[in-house]
Amino acid sequence: MSFKSVLPLHVAYVKIPGSESVKLQPGIEKRGCVMTQDSVKMYSLSTCSHCKSVKKLLDECTVKYEFTDVDLLKGKERQAILEDVKKFNPNCSFPTIIIGEKVIVGYKETEIKEALGLS
Amino acid sequence: MDIETLYQSLRKVQEAKGYYFNKDKDRTFELLENLITNKDRYGYMACPCRLASGDREWDKDIICPCDYREPDVEEYGSCYCNLYVSQEWNDEKIPHDYVPERRPPEKIRF
Chain A
84 MSFKSVLPLH VAYVKIPGSE SVKLQPGIEK RGCVMTQDSV KMYSLSTCSH
134 CKSVKKLLDE CTVKYEFTDV DLLKGKERQA ILEDVKKFNP NCSFPTIIIG
184 EKVIVGYKET EIKEALGLS
Chain B
5 MDIETLYQSL RKVQEAKGYY FNKDKDRTFE LLENLITNKD RYGYMACPCR
55 LASGDREWDK DIICPCDYRE PDVEEYGSCY CNLYVSQEWN DEKIPHDYVP
105 ERRPPEKIRF
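Listed in order, the protein sequences are those of chains A and B. Basically the numbering used here = 1-based index in the first sequence + 83. Basically the numbering used here = 1-based index in the second sequence + 4.
Incomplete in silico selection of chain B near chain A, CB under 8 Å:
(1) E34
(2) L35
(3) N38
(4) N42
(5) P52
(6) C53
(7) L55
(8) C85
(9) Y102
(10) E105
(11) P109
(12) I112
Pairs of lysine-lysine residues, derived as DSBU-like cross-links and limited to a Cα-Cα distance of at most 30 Å, are as follows:
(13) K191/A to K97/B
(14) K139/A to K43/B
(15) K64/B to K170/A
(16) K27/B to K97/B
(17) K169/A to K191/A
(18) K43/B to K157/A
(19) K135/A to K111/B
(20) K147/A to K169/A
(21) K169/A to K185/A
(22) K29/B to K196/A
(23) K135/A to K97/B
(24) K111/B to K185/A
From the derived model, a few chain A residues whose C-beta atoms are all more than 10 Å from chain B:
(25) S122
(26) E143
(27) E149
(28) K170
(29) F171
(30) G183
(31) V186
Just so you know, these hints were derived from the structure itself, not from any lab. Every residue, glycine too, gets a C-beta built ideally from N, C-alpha and C.
Please take these sequences and the hints and turn them into a complete structure.
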């Protein structure tokens, strides 16, 4: 399964003050206490509390991730992104989180942490 | 609209029907703020946890309180957003399980 997007995505990560970002090899970075090799991408809504909870969790885990707030898109941009979302989650609900090859729908803390290799 | 005013007015009406606001007031106020955002954006209080189309008639099932609140609170003790919950949910007498989306996918307008 591939992740395709016609739009530039937001990229966010939080660095723990005092911690160091260490490049181990291309594609693998250690930030704070967390190391993750899989790419983390999320389709979200800017107004959705579950989406905010996932963003907060990923920030707290110092995981680098990309997200697209679909409600802020209009017209063809929104349509194209929704086609992408539907491939991962036929229900087109939010948040839809893609961690490597795994797709998680909703704020499921345990599943997200497992997919990130944090539990 | 002032969030505190919205909170108080909705609470009075909804508690009488057996629906309570999530006791986590930060979360409740965040959701109410997002309902106001959607009201400003679309002209109606679309559910903040769902993608609204901008067409009021099409989205009438997700205007808060949505059509799915009743079966969701009955089955899970909470609506999809965790805004409206049962007394038992607030009292933590039932598990706070993830509430799956009940809205049919064909209602998502592309």
